[in-house]
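There are 2 protein chains.
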Amino acid sequence: MTTGTAAMRVPLSKRGARVPASVGAEPHDIIALGSGHGFPGVFPDLTEMARTALNEYRHETLQYGPTLGLPEMREWIADYLKENGVNVTADNVLIVNGAKHGLDLISRLLLDEGDTVVVTAPTYFTGIPIFKTFGANFVEVSQDLDGLVVEELEKTLERRAHERKALPKLIYNVPDYHNPAGVTMSRERRRALVELADAHGMYIVEDSPYRRVRFEGENEPMIKAFDRADTVFILGTFSKLVAPGLRIGWIVTSPEFVARLAQLKSDLGSCPLTQRIILEFCKGGHLAEHTTRVQNLYRSHRDAMVAALREHLPEASFTVPHGGYYLWLTLPTHINADKLTARALEEKVGIIPGSKFFAGAGPQGKGAPTNHIRLCYSHADPDEIAEGIKRLARAVRAMNS
Amino acid sequence: MTTGTAAMRVPLSKRGARVPASVGAEPHDIIALGSGHGFPGVFPDLTEMARTALNEYRHETLQYGPTLGLPEMREWIADYLKENGVNVTADNVLIVNGAKHGLDLISRLLLDEGDTVVVTAPTYFTGIPIFKTFGANFVEVSQDLDGLVVEELEKTLERRAHERKALPKLIYNVPDYHNPAGVTMSRERRRALVELADAHGMYIVEDSPYRRVRFEGENEPMIKAFDRADTVFILGTFSKLVAPGLRIGWIVTSPEFVARLAQLKSDLGSCPLTQRIILEFCKGGHLAEHTTRVQNLYRSHRDAMVAALREHLPEASFTVPHGGYYLWLTLPTHINADKLTARALEEKVGIIPGSKFFAGAGPQGKGAPTNHIRLCYSHADPDEIAEGIKRLARAVRAMNS
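For the record, the sequence lines run as chains A and B. Using my numbering, you'd call the opening residue of the first sequence number -16 and step up by one each time. Using my numbering, you'd call the opening residue of the second sequence number -16 and step up by one each time.
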């Protein structure tokens, strides 16, 4: 369609004008250590589950599904959370089209122009534009090896109260194998965070896609396990444990909020076909075995990345993640990671500069620390990872020279 | 989760507070002439397409898909629209999770609190709460047998200009086999609507889920076929022609808006698995045959409803729809359709009162005409339809007595 003779247009909405008219292209022909894609070889064979879903359940799977999700799916998730020490029922569960969709819905429920969201620095970078779409501002909080530093947040809130600034509406965090930092919040910090949120009437979003992608040790209790006042929304997904392409996730909250979020969902129910395929997979007892397979595979990927980094980039520092998909690399301070990312691409390795993970930063990451990168070990295989880190090291050397 | 001791909560967003905390329950054990569900017997066998999608295309279908949709899917839709006289390419197509999701995204792109949307009276009732979520007001326009009365809209705009009211931002319509009115817009009205929108810089949303569910005659050109200035957004879906459960629809607009809408989409791409299943179905040449099957089936459903209405409810008037899923019934003016709906439910037949289809009406349809109902002939079979209309007639008799 060519642009014709229309009069000057009515303007877009504030939201519509705020988002740029561009979509990030995914790089090809390079070793991808940037995006959090799954390893293709670990995707399960779902053919038999799809056959059952499309035959025995055809009237369910090809019809409009229930707005809140298939009742069996909601029950299965409630049971799954009970195994995680969270006492909820199917009434607390809303099925959504992936965790990102869930975050968008929670933002729609809670956020007006100018509201404030608490995030870690660094934080999940896909969440930042979602919050910004709703006109949110940010309070950033540091992390250490025990995760989000609750004491620091407490002091920030006190200072804001003195300055008569409004309370943040919600606290967003990935407490298990944090994206991008890889750290896990301690039990005590989780409890303290719920107490702090309750004391100020704020909500918490516990985004936990990597919880079962665990390589060592035991999980901490979920933040939701300390919740006594419907303070905590859980965001969950099958993307990181089973397959991203299924686009099925969940929100756990009070039944009242489940109903309000469903009204904001505007999609006539998430896909009943993929829900049924997942149910057949989970109820058929395949999930436990598959979880072990995923854990073993990504552990070997992580090990390959850690070994390659120690060999080829000894000047970089990092905390070894005990689960999840990501490793947060700190480079010598004179290395500018934004420039390194471009240089690495010339060496045919894709990484994401750390500056993109700071919500408080300006356009092009202005004001954010410049010597971090996020490395993802899920998508490439161990040999590619080793080669990718070699290439990255070459790019770092080129920056030094 | 029981309610505990949290301090008073930060308030929900305006959007979040505006939607009620309730979800419509679907009735059971009754003949459903209310909702626009598909007839279960006409859903295609997609087993073989799913097998191919999950084996040959596993690395595509279980991985994150492209944000804009599978390139082949976008191309297929562009070609499909070319058959409808609309000259677009894959760059004009964004894949979404059903047409309702598309309408939500377009509203996000365009609407701010207090903006105005032009709709027909009556209009698609699922659209009304979406527009309201974004704080929209409505201008309602009448329809006759040639669809939306463009001359009336023109006069309304002139009057609003005199009153120094802001221009509406968009005009929403279902031009083919209108939901709920069943009428189809004439070619001349379509052309006039585009000219009027262009003259005032407004956008048009052409929501066309029923276009190929045609029983007689030929289609009019799409509104988009008259578009010379990227005025018209097309909303499309596979729900009404193939199966609602697939949750795949599309928006057609300028490449710039495709990119902006994708940024607002927040779902990391629509499900690549269901996209690939649909592609295998369409590219395998099954769609044309299936379309004929759907047309023949729903024509027989429509005929059954028309015959039963003429026999059992001769006092009601209606226009015979030449396609689509719905028949708009006008009852004698002393019949209150809201009360009739409750009475019909006692007779075990589900209908939707016409008052729900008027966007300008107040809560509980206040101010809307009260003697219409929407009947849907897609979901029940011809025998059930005949029995359902008999039951409806009994309910009308009971109202008279």
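No lab work stands behind these hints: they were computed from the structure. There could be a bad hint or two in this list.
All copies of an identical chain are treated as equivalent in the list; a pair is satisfied when it fits inside any one copy or across any two copies.
Unchecked claim - In the SDA-like style, the derived pairs of lysine to any residue whose C-alpha atoms are separated by at most 20 angstroms in a straight line are:
| hint | residue 1 | residue 2 |
| --- | --- | --- |
| 1 | 65 | 343 |
| 2 | 115 | 96 |
| 3 | 115 | -7 |
| 4 | 322 | 377 |
| 5 | 322 | 238 |
| 6 | 266 | 122 |
| 7 | -3 | 99 |
| 8 | 373 | 175 |
| 9 | 331 | 209 |
| 10 | 331 | 202 |
| 11 | -3 | 169 |
| 12 | 115 | 99 |
| 13 | 349 | 373 |
| 14 | -3 | 349 |
Source: prediction; values computed, not measured.
For each hint, the structure was consulted:
1. In this assembly of identical chains, the alpha carbons of residue 65 and residue 343 never lie at most 20 angstroms apart, being 36 angstroms within a copy and 46 angstroms across copies at closest.
2. In this assembly of identical chains, the alpha carbons of residue 115 and residue 96 lie at most 20 angstroms apart whether taken from the same copy (9 angstroms) or from different copies (17 angstroms).
3. Taking CA atoms no more than 20 angstroms apart as the test, residue 115 paired with residue -7 passes between copies only; the shortest distance there is 19 angstroms, against 23 angstroms inside one copy.
4. For the identical chains of this complex, residue 322 and residue 377 are intra-copy neighbours only, at 14 angstroms inside a copy versus 77 angstroms across copies, given an alpha-carbon limit of 20 angstroms.
5. Neither within a single protomer nor between protomers do residue 322 and residue 238 lie at most 20 angstroms apart by alpha-carbon distance, with minima of 48 angstroms and 30 angstroms respectively.
6. Taking the shortest alpha-carbon separations for residue 266 and residue 122, neither the intra-copy value of 42 angstroms nor the inter-copy value of 50 angstroms comes in at or below 20 angstroms.
7. Taking CA atoms no more than 20 angstroms apart as the test, residue -3 paired with residue 99 passes in both settings, with 18 angstroms inside one copy and 15 angstroms between copies.
8. With identical chains, the CA atoms of residue 373 and residue 175 are never at most 20 angstroms apart, being 42 angstroms at best within one copy and 64 angstroms at best between copies.
9. Taking CA atoms no more than 20 angstroms apart as the test, residue 331 paired with residue 209 passes in neither setting, with 46 angstroms inside one copy and 47 angstroms between copies.
10. Taking identical chains as interchangeable, the C-alpha atoms of residue 331 and residue 202 are never at most 20 angstroms apart, the minima being 36 angstroms within one chain and 52 angstroms between chains.
11. In this assembly of identical chains, the alpha carbons of residue -3 and residue 169 never lie at most 20 angstroms apart, being 40 angstroms within a copy and 35 angstroms across copies at closest.
12. For a Cα distance limit of 20 angstroms, the shortest separation of residue 115 from residue 99 inside one copy, 10 angstroms, qualifies, whereas the shortest one across copies, 24 angstroms, does not.
13. Proximity of residue 349 to residue 373 under the C-alpha cut-off of 20 angstroms is found in neither arrangement, the shortest distances being 29 angstroms within a copy and 70 angstroms between copies.
14. Taking CA atoms no more than 20 angstroms apart as the test, residue -3 paired with residue 349 passes in neither setting, with 23 angstroms inside one copy and 32 angstroms between copies.
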